[in-house]
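Participant: Please construct the entire structure, taking both the sequences and the accompanying hints into account.
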Amino acid sequence: MSFTIQGRGISKGAGTGALLKSREPISFLSGVNPDTGVVIEKGHPLENQCIAGKVLAFPYGKGSTVGSYIMYALRRNNAAPSAIINDTAETIIATGAIIGDIPLVDSLSQSLDDVADGTVVTVDADSGTVTVE
Amino acid sequence: MNLDKEDEMILAGEYGETRQKMMEILVALGKVFGAESLVPITSAQISGASYKTIGKWGLEWLSNLDAKVAVPSVLNPIGMPRENWQDIGIPKDFADSQNEVIAAYKRLGIRLECTCTPYYLNITNYGDHLAWSESSAVSYANSVLGARTNREGGPSALAAAMIGKTPNYGLHLFENRMPQVAVEVEAGAKYANHFGAVGYLAGKLVGNRIPLFTNIRPSRDQLKAMGAAMAASGAVALYHVKGITPETRLPTFKAVPSETITIEKSDIDELFKEVDVDAVAVGCPHCSPDELAKLAELLDGKKVTKTFYVFAAKGVKSANPEYVAKIEKSGAKVVEDTCIVVSPAMDKFDTVMVNSGKAFAYVPNMCGCNVRIGTTEECVDAATK
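The listed protein sequences derive, respectively, from chains A and P.
Residue numbers for the first sequence follow our numbering, so the first one is -3 and each next one is one higher.
Residue numbers for the second sequence follow our numbering, so the first one is -16 and each next one is one higher.
The hints are simulated quantities; they were obtained by calculation from the structure and are not laboratory data.
Take the hints with a grain of salt, since some may be wrong.
[Stated by the list, open to error] Cross-link-like lysine to aspartate or glutamate pairs, in silico, DMTMM-like; alpha carbons within 25 Å at most: (1) Lys8(A) with Asp(-13)(P); (2) Lys225(P) with Glu167(P); (3) Lys14(P) with Glu20(A); (4) Lys4(P) with Asp83(A); (5) Lys8(A) with Asp83(A); (6) Lys312(P) with Glu66(P); (7) Lys256(P) with Glu169(P); (8) Lys39(P) with Asp97(A); (9) Lys39(P) with Asp330(P); (10) Lys51(P) with Asp97(A); (11) Lys39(P) with Asp31(A); (12) Lys8(A) with Glu(-3)(P); (13) Lys8(A) with Glu(-11)(P); (14) Lys4(P) with Asp31(A); (15) Lys256(P) with Asp204(P); (16) Lys39(P) with Glu86(A); (17) Lys248(P) with Glu167(P).
[What the hints assert, rightly or not] To be clear about the criterion: a stretch of chain A counts as covered by chain P if any three or more of its residues have a C-beta under 8 Å from a C-beta of chain P, and this derived list gives those stretches: (18) -3 to 7; (19) 11 to 24; (20) 89 to 99.
[Unchecked claim] Non-contacting residues of chain A with respect to chain P, defined by C-beta distances greater than 12 Å in every case (computed): (21) Pro55; (22) Asn82; (23) Val111; (24) Thr118; (25) Thr125.
All of these numbers come straight from a predicted model, not from anything done at the bench.
Cβ coordinates follow ideal geometry from the N, Cα and C atoms, glycine included.
Facilitator: Structure, rendered in structure tokens:
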């Protein structure tokens, strides 16, 4: 049975995909391969996993502000996530989501802890909602 | 966030796709940081100007933008001087890519002043709201000039430049500019030439808080050196010096931090280690006219025996030809547009001597060489020995 969680929409648009969660922050610069969308940061919980087409949930961005341009690169290379869910959005991810046309919501009213990776999730950044199928 | 009618129209795309995206960035950041409105800015300084930092995707994004900036806007230093880049050993493929980045920014109406010291261009006044991004420029604008800016990233500074406004949060609001920690410098006066080192040590202790220095009386150039170092070793975007920086003289200034940190004399002495160096570099941040004058005087009649680079803004260099001629007569080079940290020029040396607490913090990681700090006089001595 599907249910919807309210959050805060930061960028525009909507995206659907399989949920991929990380308990660690993500640095797009030098942490994600801009050609393939594979996480390359050594020791990262998502190392070697591909974020392309996924609904990617992680706490917040870290690392260089140049990371925003890597999110744009992922879009251009058809390797961007379908949407991003943050605990708390910050400058790098908020800016990158806009220049990379990636729907972004944060501050969900209910945690995704009980939703398994791979569950199909729809993020609507215009209404700030996450619908779990 | 409250937007006026024109901003709403920009957001709806009625002024084109580029402006719409830029407004989306400002609105998103306003949301993230809880801003209630946008505030007009008088200038912008945009980082992400060196090809070494933004790479080919940043360049592609910039090249696809189609709008002009709405306020005077300048760049952070780039990876090489625009002219005669061969002179400091820049590879040709790097120079070609760097020139494409410059051309992309020029098309957007940005002034090709590539400097971390945009305050020498006389575009900034007390109380102005700005969208600047280079950490030492942000620190100087906030602290020494009493202007107001958060530390912007490259894209957010560019967005503010194109809209002419920035979200009104953080250091734009007076109540967020009060000191959070007091800093006392042991034997303050004796260390007049060591403010870069004082800043380097203070930044590590202060982190991202707002410090109030209570017992020092630095000049503007010394404030510049100290603030730059604190922004490098810590994340200090605003500091106050009692009786010196402008906001400490306001009746509404609340100088009551509960914690006091002391910078020990012995910690400063420890930084000044005498080791052999194979190059000397000054001008981090870029030299002021007074600093060029002092170097000209110190180098007068001498010959350098090692590579000696002096970094300055192109505008400052061209306005002071006599000082530049005197410095270069010694064999030292005055280099514009670029700097110790963002150019590949220093990478080939083993140990570089600097007079800057900021360069002292960055050179080991950014240039991959050892670093020694000394006063300007000691730098000249080492270069002419």
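Participant: Against the structure, test the hints numbered earlier, and report the numbers of the ones violated in rising order.
Facilitator: 19, 22
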